[in-house]
Amino acid sequence: MLLVAAAKTLFIWTVVVVLFAPVVSWLVRRQSAAHPAETATPSAALLHPGASFLAFVREDAFPPGSRRWLRAAAPFLVVLPALVASAVIPFGGRYSLGGSSWSLVAADIDWGVLYVLAIGALAGYGTLLAGWASDDDRSLLAGVRSAAQRGSYSVVLGLSLVGVFAVYGSLKLSDIGLAQDASLPVFGFLEDPGPLEWLRLPCWGILLQPLGFVMFLVSSLAANERPPFDRPSHESEPLSGPPRGVSGVHFGLFYASEFIQVVVIAALCTAIFLGGWSIPYLSQATIVGGLSPLFGQGAATVLCMLLHMASFFGKVVGMVWLQIRLHGAVPRLGYKRAMDLCWKCLLPLAVLNAFGTAAVLLLCGPLPGSP
Amino acid sequence: MLSEYVGVLLMLGIAVSLALGVLAIQLLLGRRRPASPEPDASLDSEPPGASERPSESIGFHLLALLLVVFNAAAVFFYPWAASFGETGAAGFMAIAVFALPLAVAWLYAWRKGALEW
Chain A
1 MLLVAAAKTL FIWTVVVVLF APVVSWLVRR QSAAHPAETA TPSAALLHPG ASFLAFVRED
61 AFPPGSRRWL RAAAPFLVVL PALVASAVIP FGGRYSLGGS SWSLVAADID WGVLYVLAIG
121 ALAGYGTLLA GWASDDDRSL LAGVRSAAQR GSYSVVLGLS LVGVFAVYGS LKLSDIGLAQ
181 DASLPVFGFL EDPGPLEWLR LPCWGILLQP LGFVMFLVSS LAANERPPFD RPSHESEPLS
241 GPPRGVSGVH FGLFYASEFI QVVVIAALCT AIFLGGWSIP YLSQATIVGG LSPLFGQGAA
301 TVLCMLLHMA SFFGKVVGMV WLQIRLHGAV PRLGYKRAMD LCWKCLLPLA VLNAFGTAAV
361 LLLCGPLPGS P
Chain B
1 MLSEYVGVLL MLGIAVSLAL GVLAIQLLLG RRRPASPEPD ASLDSEPPGA SERPSESIGF
61 HLLALLLVVF NAAAVFFYPW AASFGETGAA GFMAIAVFAL PLAVAWLYAW RKGALEW
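Protein chains in written order, with our numbering: chain A, 1 to 371; chain B, 1 to 117.
Just chain B, with the same shape it has in the complex:
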């Protein structure tokens, strides 16, 4: 079974050499020039390239929490689905018992405003 991964390794090798080759061509042939991403930087009151971070929290940490919780839950759904033929009704009840607190967590997140962007 491990022999199947040879294809993956070969594709990875091709992809990496393609990307590295393209970067190497740029390093050798291209020129580097500093340029600000702001097209109208002269109109800004702040100096360009300042490495300040936004002062208020934008709440992406909440999204990260939600992602971890629901990704981990999704991972439990896959083996249940793949083995559904063997587990049948008992498996259905088991996954329903698993999904119920998950649904409550999702509703809680919605009501608490964690799903507002």
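Only chain A is shown next, with the shape it has when bound in the complex:
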């Protein structure tokens, strides 16, 4: 059992850190290059993270008077949440093979979504400590502003998911994924839908909670200081946090955590709102049932597992692409506007969304198959 958990953990880590993060860093560079001729070829650009790492290791320039161990601890608190949060994200469903049940998630915790929110909130400490550790007024102010933005958007991040919990009745990510494998008759509330019975929607989060999806995406970008909310931490800003007074490998870890977070945000959006691993209108039973006569039950289940994994990672790639498009497309928000957006717009909207969802559920009944 330990071996199975270790295998799943290593798989997730390999996919996120070794596979996705360098590709994301290449895509970001390609996206923001002013002229197409400036982009390196893909093979050379994929070596860039390794080359960057060597450059970061070469030298550590520290402000005199800075607190050495805080400066060393700060990047830990930014990198660890990103990696540890990815442990609960399911990249496939539950399959019965050889008499036992296999679930494609490294840690299937009952309160998975809450775990991700709680762990993710720790990243705010990292930027705060980075600002505090370099003995500089502007770094401190930048660090505190960055932590303020992260903390504020963490509140909205949680509240935007309340509607999702109400609809799917669970905080467990694999349960939410399983619930999205089904499809819902749009006119099911009618007594005799007649010919409209065929009109079904997959029970995806983005269709059942569109406002929740938008708020979740915006809040995740802001809570992780991704564009367009990266004013507190972008290098070209005069009042930027970690890039001031943090250099060498410490800065490298901050930089790496940004790309890991892109993948983790994409994976979370996919798992909660884009149906996770499921293929629309083809539930797991349909796929296994359809393939069993050709390949046998066991092989059909394995094929279904592979199809589901391909579907999940395909959607994650789509969400990563979306975030990278936002990198250059939307102008950066100022600190005041970002905080106003959070406290005066998203917070009341999230609470209203929760109550609206509850009212609709009371009127139309719960989702078929939810607890």
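Calculated from the structure, these hints are not laboratory results.
One or more hints might be untrue.
Listed next, with one range per pair, are the computed distances between beta-carbon atoms [to be verified]: (1) A:345 to B:31: 31 to 37 Å; (2) B:68 to A:1: 55 to 61 Å; (3) A:363 to B:76: 22 to 28 Å; (4) B:112 to A:326: 33 to 39 Å; (5) B:88 to A:199: 27 to 33 Å; (6) B:112 to A:321: 18 to 24 Å; (7) A:318 to B:94: 37 to 43 Å; (8) B:65 to A:302: 53 to 59 Å; (9) B:64 to A:96: 45 to 51 Å; (10) B:20 to A:330: 46 to 52 Å; (11) A:51 to B:5: 33 to 39 Å.
In this text, a Cβ means the ideal position worked out from N, Cα and C, and glycines have one as well.
Please arrange chain B on chain A, whose structure you already have, making use of the hints.
The following block gives chain B in isolation, referenced to the frame of chain A:
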């Protein structure tokens, strides 16, 4: 159920060893050099690296208060939502009674200027 956390521990172990390994490589192979974060420090009238704190309050303590209040409120919303199937209309009324003073507190904070940055 506790066996599920093995995955979390393993991932934590991998993440910590990755970060520690990277730091160790820098300690062994890199060199340390004092450098001020100010690129044009010669133009400043104050000495660099001064550990003075800003003289006026910037008001982050208000934000901290707001964060505590609204985070604690959010935590009450989660179990209500997860058990919505069982609690139904009675639960809806209960959470509405809980959220009403919260809405008043939010409006009060807005009108008093606590939400101005």
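Quick rundown of the hints versus the structure:
Checked against the hint of 31 to 37 Å, the C-beta distance between residue 345 (chain A) and residue 31 (chain B) comes to roughly 48 Å, which is inconsistent with it. The given range of 55 to 61 Å is broken by residue 68 (chain B) and residue 1 (chain A), whose C-beta atoms sit roughly 40 Å from each other. Between residue 363 (chain A) and residue 76 (chain B) the beta carbons are some 24 Å apart, a value that agrees with the proposed interval 22 to 28 Å. About 34 Å separates the C-beta atoms of residue 112 (chain B) and residue 326 (chain A), a value consistent with the hinted range of 33 to 39 Å.
Checking the proposed 27 to 33 Å range against residue 88 (chain B) and residue 199 (chain A) shows it holds: the Cβ atoms sit about 28 Å from each other. The beta-carbon spacing between residue 112 (chain B) and residue 321 (chain A), approximately 43 Å, falls outside the hinted interval of 18 to 24 Å. Evaluation of the 37 to 43 Å hint for residue 318 (chain A) and residue 94 (chain B) yields a pass: the beta carbon distance comes to about 40 Å. Distance hint check: the CB atoms of residue 65 (chain B) and residue 302 (chain A) are about 54 Å apart, consistent with the given range 53 to 59 Å.
Between residue 64 (chain B) and residue 96 (chain A) the beta carbons are some 49 Å apart, a value that agrees with the proposed interval 45 to 51 Å. As the Cβ distance of residue 20 (chain B) to residue 330 (chain A) is approximately 37 Å, the hint placing it in 46 to 52 Å is violated. Between residue 51 (chain A) and residue 5 (chain B), the C-beta spacing of about 37 Å keeps the proposed range 33 to 39 Å intact.
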